[in-house]
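Enquirer: Listed below, chain by chain, are the residues.
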Amino acid sequence: MREDMSRLTVFFLVAMVLGAMVQSSGWSAAYCKADSRPVEKVSIRDLVENLDHYDRKEVEIEGEVVGDVMRRGGGAWITVNDDPYSQRSLPEGGQHAGVTNTGIGVWVLGHMVDVISYTGSYKSKGDRVRIRGTFHRVCPQHGGDTDLHAHSLELVERGRPIRQEVPAWKGPLAAALALLALLLWRKMYAKRRKRPGIA
Amino acid sequence: MILKPRLRDIQAMAWGVGRLILGVGLLMIVPLVVSLVCAEWNTALDFMVGFLCCFSTWLFTESLCPRPEDVTWFQGMVITSGGWLLATVLGAIPHWLSGHFHSFLDAIFDVMSGYTTTGLFLLQDLDHLSHGMNTWRHLLSYAGGQGIVVIALTFLFAGSAGALRIYVAEGKEEKLLPNVVNTAKAIWMISLTYMALGVTALFAILLREGMSPGRGFLHSMWLFMGAWSTGGFAPQSLNLLYYHSLPVEIATLLFFVLGSLNFALHYEVWKGRRMEILRNVETRSFSFTLLFTFLVMCVGLWGTGLYQDMGSLFRKGFYQLVSAHTTTGNCNIFSISFHKDFGFAAMMAVIAAMAVGASACSTGGGFKGIRMGILYRALRLEIRSILSPESAVVREKFHHLRDIWLEETMVRGVLFILACYGMTYFLGGLLGTLYGYPPHVALFDSVSAGSNTGLSAGLVGPSMPWALKVYYILAMWAGRLEFVSVFALLGMTAAFFKGKNSGEGKIKGKGRRK
Chain G
1 MREDMSRLTV
11 FFLVAMVLGA
21 MVQSSGWSAA
31 YCKADSRPVE
41 KVSIRDLVEN
51 LDHYDRKEVE
61 IEGEVVGDVM
71 RRGGGAWITV
81 NDDPYSQRSL
91 PEGGQHAGVT
101 NTGIGVWVLG
111 HMVDVISYTG
121 SYKSKGDRVR
131 IRGTFHRVCP
141 QHGGDTDLHA
151 HSLELVERGR
161 PIRQEVPAWK
171 GPLAAALALL
181 ALLLWRKMYA
191 KRRKRPGIA
Chain E
1 MILKPRLRDI
11 QAMAWGVGRL
21 ILGVGLLMIV
31 PLVVSLVCAE
41 WNTALDFMVG
51 FLCCFSTWLF
61 TESLCPRPED
71 VTWFQGMVIT
81 SGGWLLATVL
91 GAIPHWLSGH
101 FHSFLDAIFD
111 VMSGYTTTGL
121 FLLQDLDHLS
131 HGMNTWRHLL
141 SYAGGQGIVV
151 IALTFLFAGS
161 AGALRIYVAE
171 GKEEKLLPNV
181 VNTAKAIWMI
191 SLTYMALGVT
201 ALFAILLREG
211 MSPGRGFLHS
221 MWLFMGAWST
231 GGFAPQSLNL
241 LYYHSLPVEI
251 ATLLFFVLGS
261 LNFALHYEVW
271 KGRRMEILRN
281 VETRSFSFTL
291 LFTFLVMCVG
301 LWGTGLYQDM
311 GSLFRKGFYQ
321 LVSAHTTTGN
331 CNIFSISFHK
341 DFGFAAMMAV
351 IAAMAVGASA
361 CSTGGGFKGI
371 RMGILYRALR
381 LEIRSILSPE
391 SAVVREKFHH
401 LRDIWLEETM
411 VRGVLFILAC
421 YGMTYFLGGL
431 LGTLYGYPPH
441 VALFDSVSAG
451 SNTGLSAGLV
461 GPSMPWALKV
471 YYILAMWAGR
481 LEFVSVFALL
491 GMTAAFFKGK
501 NSGEGKIKGK
511 GRRK
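The listed protein sequences derive, respectively, from chains G and E.
Under my numbering, read the first sequence as residues 1 to 199, first letter to last.
Under my numbering, read the second sequence as residues 1 to 514, first letter to last.
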């Protein structure tokens, strides 16, 4: 009888500890369940400016994948931007929009990113994707990050390399400055030869 | 009586400024090489143009201005403050040519932010920026953290008189070694040693977190430069949130805390005097203010219910607070969260931490921990004097590398600097409020600029009013140089117009000199 009570006590204590760990790590069912309302198509700016309103809601975003696809532990992190530069970046010849980039980190399952070939950078336009997922204001699974957990990822438009256009005036400008520097160098050298004490 | 600067004064100052500009030009060779290696021809041309402008400026001053026999304190301050201004304008040339800035003023803002290790930026479309330009942004803050004067001293002022005065004018008073040129070299030795360790550690972490080797190496270099210099720049627009990585956050936190410590303290520890970490007034002051502001932040965040577990509180709350207190500005939350989610108390804790800032003679900004320590000692002295018999002699001392007795001139100097910082923060906040921004947001960003932190609650951006851009540029500059050099430059400008020629110093009407 006493042995049974001890085993029950140990079992109960272990269950409590495990439950606390599960709760604190955020793996509980209550956290995983997304809101069951219909999916709303939003801009990333809407999400960022209304973190509380969209917390744990299913949303749809569309934008350019930029930077890196960081694969880790069965999934991957990608960053998706939907600012004006995601349509046409500045290196591509886009216009100044008076804003910085607007993007969000998206956690996707490993196989979802296999469809991504290009990410946005100085030399390439990134793939344009449409993502449906659950938005987290403070993600317990990822240390409080504001992120989106993707349920689906669809390729909208394939990216491509960006051809660098060098303005015609830059070369002559550099040549003119080099000539100026050469003339000034000769003047300084001539002055030092006349007065060797000057360093 | 104010004397007008003479020709040889102007030549001495111009010579010194020319040497600083040469240092800036030589720095541009690094991003130029990166651009060539990465086949970024447009960017390579931008840096070629920038380098030639700096080189030509130096040649111009060298050809017109002889090396001075000595440099006075006043000239040293003008060389530093004026040199910083000209270095900012010329350093903005590659920025402007990159096409990522709406105006040259925006480019100047970013360069000043880099040099002063602030970290605020107006650059548009950062996520499509070339590797060469990203290298230049981060190198600006790495060089600025050491001090662009320190760079020039290391290589370009050897054997020159007045090097100490120019060094001190950059807001550094610590001499690690008897010779100031050797001090500058020692600062570089410390920084480069940490850079080797830091880049290696971050590279290994980023590889583990899924980055490719090429990008991982570049990011590790940039992140280290941004963290160690307490500049806070990052290569992507999401800053540290881009990586979603606790190891990256811990590594950057470690490096920006190290970067915020006094270089003299680093040198003492390197020489084996490890107890200095515990005895030093700056580390004690930093620990106390960090603990106090963290408690206030916890109370504030508890009220909002934002972070429900210790992990999130550490990664988001504590990280932001340490980033603010070291005046780094690396951030792993969206800027808007500071005023929409943090709540008033937590936001004020971050503002207070930024305002106090890091250690003197470090890469950090703000009011400085040593001054907080001196103020505390001064307060204790006053209280002890009141409580002691009238005939008693009451003194206070503090420990900073050695025991130092508190003196009235020291306290007066501290109060003067405190008033300057306070006024800078207040005026910036007032200006932002007049433009219609919420007062707490205006104050947050003003303190961030004046203390060279770089966190933003959402005010700073390419579309902010031009008057605020100009004010923030001046606030970052003045805060980094701790005001005195800036006043010297203003004084010289006034003297140029209103000063008397030295030959007019004789008494008029009496026919003889006193």
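Please note that the accuracy of each hint is not assured.
Stated by the list, open to error - Only pairs whose alpha carbons sit at most 20 Å apart, straight line, appear in this in silico SDA-like list of lysine to any residue:
1. G:191 / E:37
2. G:123 / E:63
3. G:187 / E:63
4. E:340 / G:113
5. G:123 / E:8
What the hints assert, rightly or not - A short list of chain G residues far from chain E (calculated; beta carbon distances all over 10 Å):
6. 57
7. 71
8. 118
9. 156
10. 157
Note that these hints are calculated values from the structure, not bench results.
Glycine residues also receive a C-beta, built at the ideal position from the N, C-alpha and C atoms.
Enquirer: Which hints, by number, does the structure contradict?
Expert: 1, 2, 4, 5, 7
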